[in-house]
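S.K.: Here are the chains, one letter per residue:
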Amino acid sequence: MTHATHTADLMRPPVPAEPGAGVYSNKLGMWVFLASDVMFFTALIGSYIILRFGMTDAWAAPGAVLNVPLTGLNTFLLICSSVSMVKAYAAIADGKKYFLRKVAGKTLQDGGLKFWLLITIICGAGFVGVQVFEYITLVGHGLTPGGFREGSLMAEHAAADPVKYGAATAGLYGSTFFTMTGFHGFHVTCGVVSMTYLYFRKVLPEKYSPQDYRGIETIGLYWHFVDLVWIILFTIVYLI
Amino acid sequence: MATTAHVRPNYIMIWLYLFVLTVVEVAAAFLSGIPKQWLILILVFLAVWKALLVALYFMHLKFEPWRLRLIFLVPLPLAAILVVTTIMEKL
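Line order of the protein sequences matches chains A and B.
Mind the numbering: the first sequence is residues 6 to 245 in the numbering used here, read in order.
Mind the numbering: the second sequence is residues 687 to 777 in the numbering used here, read in order.
To be clear, the hints were calculated from the coordinates, so they are not data collected in a lab.
Don't take each hint at face value.
[To be verified] Beta-carbon label-pair distances, calculated as ranges:
| # | chain 1 | residue 1 | chain 2 | residue 2 | range |
| --- | --- | --- | --- | --- | --- |
| 1 | A | Ile127 | B | Lys748 | 35 to 41 Å |
| 2 | A | Ser52 | B | Met699 | 21 to 27 Å |
| 3 | A | Thr112 | B | Lys748 | 28 to 34 Å |
| 4 | B | Pro751 | A | Gln216 | 36 to 42 Å |
| 5 | A | Pro150 | B | Leu738 | 37 to 43 Å |
| 6 | A | Tyr103 | B | Trp752 | 33 to 39 Å |
| 7 | A | Tyr103 | B | Lys748 | 17 to 23 Å |
| 8 | B | Leu702 | A | Gly34 | 28 to 34 Å |
In this text, a Cβ means the ideal position worked out from N, Cα and C, and glycines have one as well.
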């Protein structure tokens, strides 16, 4: 008796899978890269945990040095970009290559691949912009990768309340903060640049179709991973 | 002949979950008088919950074959070993 499987799978582009792996090579390659990136961020986060909890002196209290409400909003922006990315993926899987289209009986227009990917790029660029603004503000107030700059506002606060501002651990605080958020910001920037390239070279000329949208799925995996890493970083760097 | 059909998750609902969990996280960190050790546990639990929602539904890991899930799962114990051995080195 032969056993045939008809796949009406809405979750995968209908392109040939690599034998053995069960998925096409681009996707497999991205997953292997993401697995290596897990180890990369583990090294950074692990080092941070060991340095922070191995210190006998107090670490700066959450919100004392960093602007948590602003970064909370930025986190929300990145989550929104993840949703718009997955909506872009769903749109091309359904063959919606357009920007916006009117739907009979509905007030809101239906978004296609061009619309949702543009929203993702804007949200991603917005996240990087807010992070750059945060860096400029922090450095202006005196937080540098080497600690609190002498004579700065932060140094004055730390002198007045050394426990709250973690005066004794400021050097480690600055270096771990800028290293972790900096590498994440670099990942986001790479994602925005890649999506912008795809948008002009592939999406606007309508080169993707419901039969083949591997590029959208592959960059989508990367983008969601960047969001996932930020969820962890936001908690351990800004809230704990 | 077998037919496999995965219905798409409700992405907007996942987005709402993520939004609510983020608000709860920030509120727990700043508005509560929870002891520090418990607060760390709660915040890590919420972060892992959010990360799982992203991995399972946005990255579609829930609907992928086991071979692919393993690629993502294999580094996790290695990551734990990396952190634990470094902590033990310091002790």
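S.K.: Next, verify each hint and record whether it holds.
M.R.: Hints versus structure:
no.	hint	result
1	Ile127(A) x Lys748(B): 35 to 41 Å	violated, 28 Å
2	Ser52(A) x Met699(B): 21 to 27 Å	violated, 36 Å
3	Thr112(A) x Lys748(B): 28 to 34 Å	holds, 33 Å
4	Pro751(B) x Gln216(A): 36 to 42 Å	violated, 21 Å
5	Pro150(A) x Leu738(B): 37 to 43 Å	violated, 32 Å
6	Tyr103(A) x Trp752(B): 33 to 39 Å	holds, 37 Å
7	Tyr103(A) x Lys748(B): 17 to 23 Å	violated, 29 Å
8	Leu702(B) x Gly34(A): 28 to 34 Å	holds, 33 Å
Checked against the numbered hints above, the structure violates hints 1, 2, 4, 5, 7; every other hint is satisfied.
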